[in-house]
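Engineer: What follows is the residue order along each chain.
There are 2 protein chains.
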Amino acid sequence: MTSQKEPQGEFSTLTKVTGPSSWSRVSCPCCISSHIEPLVLIQLAESVQPITKQWIMSMISAPVKAGGAQLLVHPGEDMKGDMIVVAAPRCTLLRVTEDLGLCKTYQDGNMTAFSFDDRDNFCNIDDMKKFLTLAERQYIVKYELDSMRAIEDQRIPGIPTPKGKLKARVSILQKLEKAGVIRNVTPLHDQKLLTALGKQWYSQKSLWGQPLDSIHAYFGGTIAYYFSFLDYYTLSLFPPAILGVFITFFLPSANFSSGNKTDSEPTALKDDDDHPSVSSYMVQAVFSMLWSTIFMELWKRRSAALSYRWGTFNLAEQFQEPRPGFHGEVGTNPVTGRLEPLFPDWKRRLRMGLVSVPVVGVFLGLVVMGMAGFYFCERLVSNWHKGSGSYFTAPLVYIPSIAHIVYTNVLGNIYRNVALQLTESENHREESSFDYHHTTKVLVFTFFNNFAVLFHIAFFKEDMPLLRKRLASLLIVTQVVNQFTEVVVPFLVDRFLTSADRNLKEDDPEVDHLQAQGSLPAFPVSSTVLYSQISRIQELYFSYILNLVPLQGLFAEYIELLVQFGYLSLFSCVYPLTAPLLLLNNLTEIRTDAYKLCKLFNKPFSAPVANMGVWQLAFEVLSFISVVSNCWLLLLSPRVKELTQEAGLSSSQILVIAVIVEHVLIMAKMILAFMIPDEPDWVRIKREQIEFHSMQALKKQRIKSSRVDEKLPPKAKMGE
Amino acid sequence: MTSQKEPQGEFSTLTKVTGPSSWSRVSCPCCISSHIEPLVLIQLAESVQPITKQWIMSMISAPVKAGGAQLLVHPGEDMKGDMIVVAAPRCTLLRVTEDLGLCKTYQDGNMTAFSFDDRDNFCNIDDMKKFLTLAERQYIVKYELDSMRAIEDQRIPGIPTPKGKLKARVSILQKLEKAGVIRNVTPLHDQKLLTALGKQWYSQKSLWGQPLDSIHAYFGGTIAYYFSFLDYYTLSLFPPAILGVFITFFLPSANFSSGNKTDSEPTALKDDDDHPSVSSYMVQAVFSMLWSTIFMELWKRRSAALSYRWGTFNLAEQFQEPRPGFHGEVGTNPVTGRLEPLFPDWKRRLRMGLVSVPVVGVFLGLVVMGMAGFYFCERLVSNWHKGSGSYFTAPLVYIPSIAHIVYTNVLGNIYRNVALQLTESENHREESSFDYHHTTKVLVFTFFNNFAVLFHIAFFKEDMPLLRKRLASLLIVTQVVNQFTEVVVPFLVDRFLTSADRNLKEDDPEVDHLQAQGSLPAFPVSSTVLYSQISRIQELYFSYILNLVPLQGLFAEYIELLVQFGYLSLFSCVYPLTAPLLLLNNLTEIRTDAYKLCKLFNKPFSAPVANMGVWQLAFEVLSFISVVSNCWLLLLSPRVKELTQEAGLSSSQILVIAVIVEHVLIMAKMILAFMIPDEPDWVRIKREQIEFHSMQALKKQRIKSSRVDEKLPPKAKMGE
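These protein sequence lines are chains Y and U, in that order. Going by this note's numbering, the first residue of the first sequence is number -14, and it counts up by one from there. Going by this note's numbering, the first residue of the second sequence is number -14, and it counts up by one from there.
Hints were generated in silico from the structure; no laboratory data involved. Don't take every hint at face value.
Intra- or inter-copy, both count: the list cannot distinguish identical chains.
Claimed, not checked - Straight-line distance between alpha carbons at most 20 Å, and here's what the computed EDC-like set of lysine to aspartate or glutamate pairs gives:
{"#": "1", "residue 1": "Lys684", "residue 2": "Glu673"}
{"#": "2", "residue 1": "Lys685", "residue 2": "Asp84"}
{"#": "3", "residue 1": "Lys150", "residue 2": "Glu162"}
{"#": "4", "residue 1": "Lys685", "residue 2": "Asp102"}
{"#": "5", "residue 1": "Lys689", "residue 2": "Asp102"}
{"#": "6", "residue 1": "Lys685", "residue 2": "Glu673"}
{"#": "7", "residue 1": "Lys684", "residue 2": "Asp105"}
{"#": "8", "residue 1": "Lys127", "residue 2": "Glu416"}
{"#": "9", "residue 1": "Lys163", "residue 2": "Asp138"}
{"#": "10", "residue 1": "Lys285", "residue 2": "Asp330"}
Next comes chain Y alone, as it looks inside the complex (with noise of 0.2 Å):
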């Protein structure tokens, strides 16, 4: 408990003595304060000379309209050291959160547009702790560091000409990265708040009812949200968990083979496909269907509640600045007429369609002409081994499935490369669009990646039995590596490693350590960084373990989610027990994924967001798909063709019956859809009141500025 508590204590103790007078000056008098509170560290080089930290400081403090970011910053020990430390001051603070479009409680008590003009009519206006979040506090930072831009060409200090060269408007933190000049920008924890939310979070007793608010004020948006899906979608796995085991013990005749059972004979199985397991088939299917859509239109509305709740629902993105990597002919901008690089909207859908989807669907092809290969070698493998029956040949047979490994493998990791050099070039001007291009990219080959093999079982060979084995088997296997890697390492890692540098810490060579990391000593900091290096063999570790390619943190939990509702919705009726199952992962998945961004990981920044992002399309679409593939299942299950044999019909007619019973299907789904309104009432009217309220605006403001405007020369108009 007290080493616990030190940590947090330095670091108080540290805000004491980096007080006010270490810290750059501010011009504005409402922003001096006694208190400044640190909020970002910048990573330097060790490399680095004193002249260019001094160079990076001072852009970083400098004001905006000299291309600085209008920050506070702190040495950290020294000018010698490899670190920076930055603080926000009120004014930038409120500047931003207005560029941003972030909605906070007005007067009136609703959430309102910040404006910075307006800025004394919203509440807690005159505490900056309270009106924005740490998670926002830090964003904001991250914003201003990301928008310091050259204003004309000039040469950075202490860093040779190739390298230091800087080029009008080119993103400074973004050239510093490249040069190697800055290893990393990452938010500071605060130690307090962390360790009320893991009381609040993982270590409290009740299954449900996450601190969403904490969670969302403490990491941010994006992270918030992934929880409070992942809260929602657990809560949901109850109902087809309960069907799922009723069909599977309490249903006599539907025998179904638990998964664990070795049948060496698919005939046998074949035979216990009687009367009553169509029937629960059909029920499967259906209830999946309601099932996936009601909750897929309830969370929208949930979404869309807590986007107003946290103030994101009016966002502007794209009024903002570009994002650092935006590249174009520097214009004005048409609608907000500021100047800023360019990029005609053609182009980059040019790109898309003729360049990114085709190497898309290239790779995809590789992945099945990879599972084609795979299965060709091992027949011929195992015929030339049966054919030979000798013991030499033996080995031979598992090489298949080991150049299938590699090759997946490689094919990963090229894609990832292949993805994100795609989604560069297709130069998307905002972060959230960039963000959505480059996940569906590398989602849609590991989701293919992942149903290649069962979509092969289900249709080709249609062998329901072998694929009802691999789904348990998928299952049950993935679940223990999961509860092995997400709960034993990390718990390992946390108490023997994390232990060792807390008591390091107050020993001289853990001192040594930090102080070589240029950070202070007394600074949380450090182990932070500890943990962000423990973190990358973590991730190597996973990535070996789940045959994935190495995934960042918060894609990697939502692709694991997709794909189980992926065996979900696709392929629940022929393994009932997959809800029961997953219900089982979800329960902990809560605990481990809350305790390892706690404990185990780096802050990460993370942007105010207003939904899942396309990770909502991604549920959705396999919400869809999942009718379509119910539906052949059942069609191609042995027991229907028997009936349909029986019935006389010929295929083609089979075909449209089952071609009708899928649209009929598709139709119920999208009316059901429709009846549940994507948001809830009261936040429609809200964001119609906005709307309302802003046309009168604009046409109020125009009859002002046109009376301005008469007292101007005819000329001057035609700027506005």
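Assemble chain U onto chain Y, guided by the hints.
Structural biologist: Using the frame of chain Y, we list chain U on its own:
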């Protein structure tokens, strides 16, 4: 020529006669004008007492606050006559222009949402005839008449109590129409403009380049959109028409049987499907997919450009008064703060999902059952006839067809009423939303009625030669019928009936007739009234011939295009001459529609709209279905079946391949649709500019209003 000029002459005389003196007074000084333009004619029932007429006139001219329409009224001949002529003062026109959210040219040259307070900065503000189009002025009058609502419970003078009771908040116009007091409300033709438009439009020699702006100015948004689309569609038919002609006449081995050839041996036809016909099938199918996608995407761009040009891209229907038929508990609209009936959205969605959709589904089921019954009876009767061999049973063969026609007609008539009542009960707030859902209902049914037989032949019977024959005969027969009903009949009617009418105008009996209708003899409106009677007969005639539910003007025109487009995109690979035939048809269609609208029908009220509404969706859905349809047609073609049998593929493998091909094509279609932006860049920029400026303006306005608030006591702030 003299007879054509005359009504126009009379018209201008009338305006002089009915100068400012005989119109109701205007209170507003800016609205006093020496020339008042009569815009709308209200026809009363003949039995209406002068006191009722007096009351209606006083309500129309009463200010909005007193529940009136603030318009100008003229009693026609005298207070006993059964007509009221309505005009609009400048202030009312401008106020409603703002309410509707119409955009007009601002002083800086941009289209800007009109604002009454800022009126002096808009171009042409001094001349209402230039500022607003005729159609807009007339629509504004109708809008104002529709929004007359009783302020309190009262009695309509001169009408017996049960009918004459008027409850508070009830729409006065609707009440009067229901009580049979008002027979008709029609906009007046302006003969001078109409003659000029007609010359430009249907009398010109060139085939393209319709005067869209003039059409928009004279007839209004919905009609202008129809003609824009028709124009665009006809032009777009050239590529498929050329391909169709090429495939039919220049590909020697593709022996398509022409539509007229009565071929009694279907087996002989099947042998014609030799190898190249498969490839021409495929070329047609792929081309049709590409063409329909590009066609719709480019239309969307054109539509967006037109909507900017016509100032309707920023319509604010949700903030207007609800439509007259809207009912609900009276309350304060949370968005606009106005007192109006409120109806919860979830109730509407529930009614749609649980009542409307199932009922429509039942009717579609009845269509299918009717068709199945027809086929069953036909087989039964023809077998019986063959068995008996007697001449007496021969007429029985026609019974199923006749029964089917009667059944379809009866069903159609019932459905028409049901669709209207369903939409009424859905209680839409906006007129456009009502139209949307009503049109969708009728559209789905009509479309189903038209295509059920073709789909049955294509996918159940799988009889391609029959499909080809049926398609050819449908195209040729409907075309001949259309040409006859749309060109010959209107021409004859116009020549004989109308000329007679024109000659009679100078003689006593016709003047008597006109006076009996309550119209001044000099009013050119009379012919409009007569035309409306003729058009009613004509409509019945159309409906009889076309075996359609009697449909209203524009709907019938659109559905004709849609059904044609369906023939083309769904089945064109079977009969490549579809496109050339459609092209021929459309070239005459443009002229005859224009002629009909100008000469044979009442001038309709036409709301300002931003796009084609539901029709755009309908065309898009159809072009989506066409991908699926073409795929399956290809799969079902006998030659492809042989090929797959030769290749030794199992039926389910073929199925999977077909599904994959289908999905690849759908993907390609979606990518293509994505790559073509839905609106031209310049429209997008204008839209975003408005969005950005209103966001800014809202913030600025809040500051202003909060400064005003500071002077008010704290309680008053809550109302904001």
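Engineer: Tell me, in ascending order, the numbers of any earlier hints that this structure violates.
Structural biologist: none
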